Amino acid sequence: MTQLYSEQAQSLIDFFQQQNGWEYRYRHLMKLAAKLEKIAPENLSDDKKIDGCETNVWMQFDCSNTFNFTANCEARIMSGILYLLQAALNQQTLQYVSEFNLSIYLNQLGLANHFSESRTNGLKSIEAQIKKHAIR
Amino acid sequence: MALQNDKINTANLKSFFPFFKHNPDLTYLDNAATTQICQPALTAINEYYCRSHSNVHRSSHTTAKANTNQFEQVRQKLAHWLNADSSKEIIWTKGATEAANLLAYSLSNQFSSGDEVITSITEHHANFVTWQQMCIKLNLKLKIVRLTDDLKIDLTHLESLITPKTKVLALAHVANATGVKQPIEEAISIAREINPETLCVIDGSQAVCHLNLDVKQIDADFYFFSGHKMFAGTGIGVLYGKQIRLEQLNPFHFGGEMVNQVSVEATSFNQLPYKFEAGTPNIAAVFALGATVDFLSEIQTDTVRQRESQLIDYLLHQLQQVPNLSILAKHDLVGAVSFNISNWHPSDVSEILSQMNIALRVGKHCAMPLFNEINQDGSVRVSISLYNDKQDIDKLIAALLDLENFL
Ligand SMILES: Cc1ncc(COP(=O)(O)O)c(C=O)c1O
Chain B
9 MTQLYSEQAQ SLIDFFQQQN GWEYRYRHLM KLAAKLEKIA PENLSDDKKI DGCETNVWMQ
69 FDCSNTFNFT ANCEARIMSG ILYLLQAALN QQTLQYVSEF NLSIYLNQLG LANHFSESRT
129 NGLKSIEAQI KKHAIR
Chain L
384 MALQNDKINT ANLKSFFPFF KHNPDLTYLD NAATTQICQP ALTAINEYYC RSHSNVHRSS
444 HTTAKANTNQ FEQVRQKLAH WLNADSSKEI IWTKGATEAA NLLAYSLSNQ FSSGDEVITS
504 ITEHHANFVT WQQMCIKLNL KLKIVRLTDD LKIDLTHLES LITPKTKVLA LAHVANATGV
564 KQPIEEAISI AREINPETLC VIDGSQAVCH LNLDVKQIDA DFYFFSGHKM FAGTGIGVLY
624 GKQIRLEQLN PFHFGGEMVN QVSVEATSFN QLPYKFEAGT PNIAAVFALG ATVDFLSEIQ
684 TDTVRQRESQ LIDYLLHQLQ QVPNLSILAK HDLVGAVSFN ISNWHPSDVS EILSQMNIAL
744 RVGKHCAMPL FNEINQDGSV RVSISLYNDK QDIDKLIAAL LDLENFL
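If you read the sequences in order, they're chains B and L.
Sequential numbering of the first sequence, starting at 9, is according to the working numbering.
Sequential numbering of the second sequence, starting at 384, is according to the working numbering.
No lab work stands behind these hints, which were simulated from the structure alone.
Quantities reported herein were computed from a predicted structural model and do not represent experimental measurements.
One thing to keep in mind: the hints can contain errors.
[Stated by the list, open to error] Taking CB as the label site, the calculated pair distances span: (1) L:N788 with B:I58: 28 to 34 Å; (2) L:T663 with B:N129: 42 to 48 Å; (3) L:N740 with B:S133: 24 to 30 Å; (4) L:E430 with B:I58: 28 to 34 Å; (5) L:K778 with B:M9: 37 to 43 Å; (6) B:G60 with L:E430: 39 to 45 Å; (7) B:M9 with L:R529: 53 to 59 Å; (8) L:E568 with B:S133: 26 to 32 Å; (9) B:H36 with L:N758: 25 to 31 Å; (10) B:Y32 with L:G638: 40 to 46 Å.
All C-beta atoms in this analysis are idealised placements derived from N, C-alpha and C, irrespective of residue type, glycine included.
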């Protein structure tokens, strides 16, 4: 299964698919953490915290026009994953986001297999928040 | 149970733990969370279910009687192993958590509003939350003894906290989040000196597989631990209590076996220890625990103990060679070392180490009050056991040194 991606997400998929071995994928995820678009410090508040993640994750949505979110996380790997989501979803139409399949995306990136049950559950909570904002 | 070979090869203790045969590439350093089950315990479980499964204390057919005998023999074995006065002082529970809950609940009729319970922030939630909730429910005062810089109970502060209203002092023998052995003997004698009626409750979960336990020497009123932290598998725990103290407790659970006479109007309760063991117990797990104690009595020699403490010293020394690594507490460590690496979130460390087949634990280790005070992110905890060796530590250190290649 596949789906259409933004140019940015497609090039991430291409890059990740060329990496042989988990070390390279993780190294790149850690690098991507630096690119995460974060919530402005003055807007960071507890009500933006997502329940059910292993490490604290905060998300702020702006869906006034296209879909957009900013996010914070203390851990680097999770920040990298959040960046992968921004690359795929930000500036897309709400329609696109509401139909987006996260597990296909993670599979194509070659990451799904590496994730623990609790990471996967955390990602489900994040996906639920994303859908909630896109469908509204 | 006698082991096959009379001379046990303590150099390769992993061979007694089938887990390692099935996970040859895994470096297991998460023993504070749970230890691997030993072969004698597995054999005991298997034999019980294959050959002699039936209930205890009830039926009088042959297998049932034999089971009851064996069940009570294990109790005696544990009493002997812990140097208790009698097997009446050994109560089976599901584990440490149930033991803590049993105590808090069963003691509650002895408390009145304004009484005090003293504990510390370095407790496991099993001990901490249980007493905290009891205090909230009964309007007791929860007093928190401070920790010193090396994360030990501050005995001077403790002294200032004990009053005539102090009912319970609840402390861990070894703190699970930091590995620090606490000065419980001193704490107990300080408490008793000021208020002889203080009930001293010690959580031995992290001590049981690392220290030779002698409940008379420790002299706590109650001491408890889980079987799965000492190679016996899950579902069983031990609550030791001084007989006079146990006699004063109300039952925790009601049901079969814990009663003496029951009429429509009233019930009189069974004697110790049965008063606290309502319902069919986890018979297989009790047998597994018995087999484990036999096994440990044979292999946990001074040499093995010594090797284990040398391994902790080695671990501590090697960790200090890793750049930017800071250790939470360095003194009197038993079984575990807890640390942080600057610029690394513990969860990232564990995720990468897990990809490298190294099992350890990160986070707040069921001790949130501690981390609320010292470090919001939690820590990385490496915990060893008698089967770990130098190679395990070397693999860990190599993996930690490799981390910087991920930045
Ligand atoms: C110090 C301490 N107390 C209590 C417990 C709870 O043990 P259990 O979950 O087996 O009841 C643990 C387990 O991690 C522990 O380390």
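Checklist entry - Should the hint that L:N788 and B:I58 are 28 to 34 Å apart at their CB atoms be regarded as holding? => result Holds: the Cβ-Cβ distance is about 30 Å, inside 28 to 34 Å.
Checklist entry - In this structure, is the beta-carbon distance linking L:T663 and B:N129 contained in 42 to 48 Å? => result At roughly 34 Å between Cβ atoms, B:N129 and L:T663 fall outside 42 to 48 Å, so the hint is violated.
Next on the checklist: Verify the CB-CB distance for L:E430 and B:I58 against the hinted window 28 to 34 Å.
Outcome noted: For B:I58 against L:E430, whose Cβ atoms are near 49 Å apart, the range 28 to 34 Å is violated.
Item to check | Whether the CB-CB distance between B:Y32 and L:G638 falls inside 40 to 46 Å | outcome: Violated - the Cβ-Cβ distance for B:Y32 and L:G638, about 58 Å, lies outside 40 to 46 Å.
Checklist entry - When you take the CB atoms of L:E568 and B:S133, is the distance between them in 26 to 32 Å? => result Given range 26 to 32 Å: violated, Cβ gap about 47 Å.
Next on the checklist: Quick check: does the Cβ-Cβ distance between B:G60 and L:E430 fall within 39 to 45 Å?
Outcome noted: holds, 43 Å
Checklist entry - Do B:M9 and L:R529 keep their Cβ atoms within the hinted range of 53 to 59 Å? => result holds, 58 Å
Checklist entry - Does the Cβ distance between L:K778 and B:M9 fall inside 37 to 43 Å? => result Holds - the Cβ-Cβ distance for L:K778 and B:M9, about 38 Å, lies within 37 to 43 Å.
Next on the checklist: Against the range 25 to 31 Å, how does the distance between the Cβ atoms of B:H36 and L:N758 compare: consistent or not?
Outcome noted: holds, 29 Å
Checklist entry - Should the hint that L:N740 and B:S133 are 24 to 30 Å apart at their CB atoms be regarded as holding? => result holds, 28 Å
The structure fails hints 2, 4, 8, 10 (numbered hints given earlier, in ascending order).
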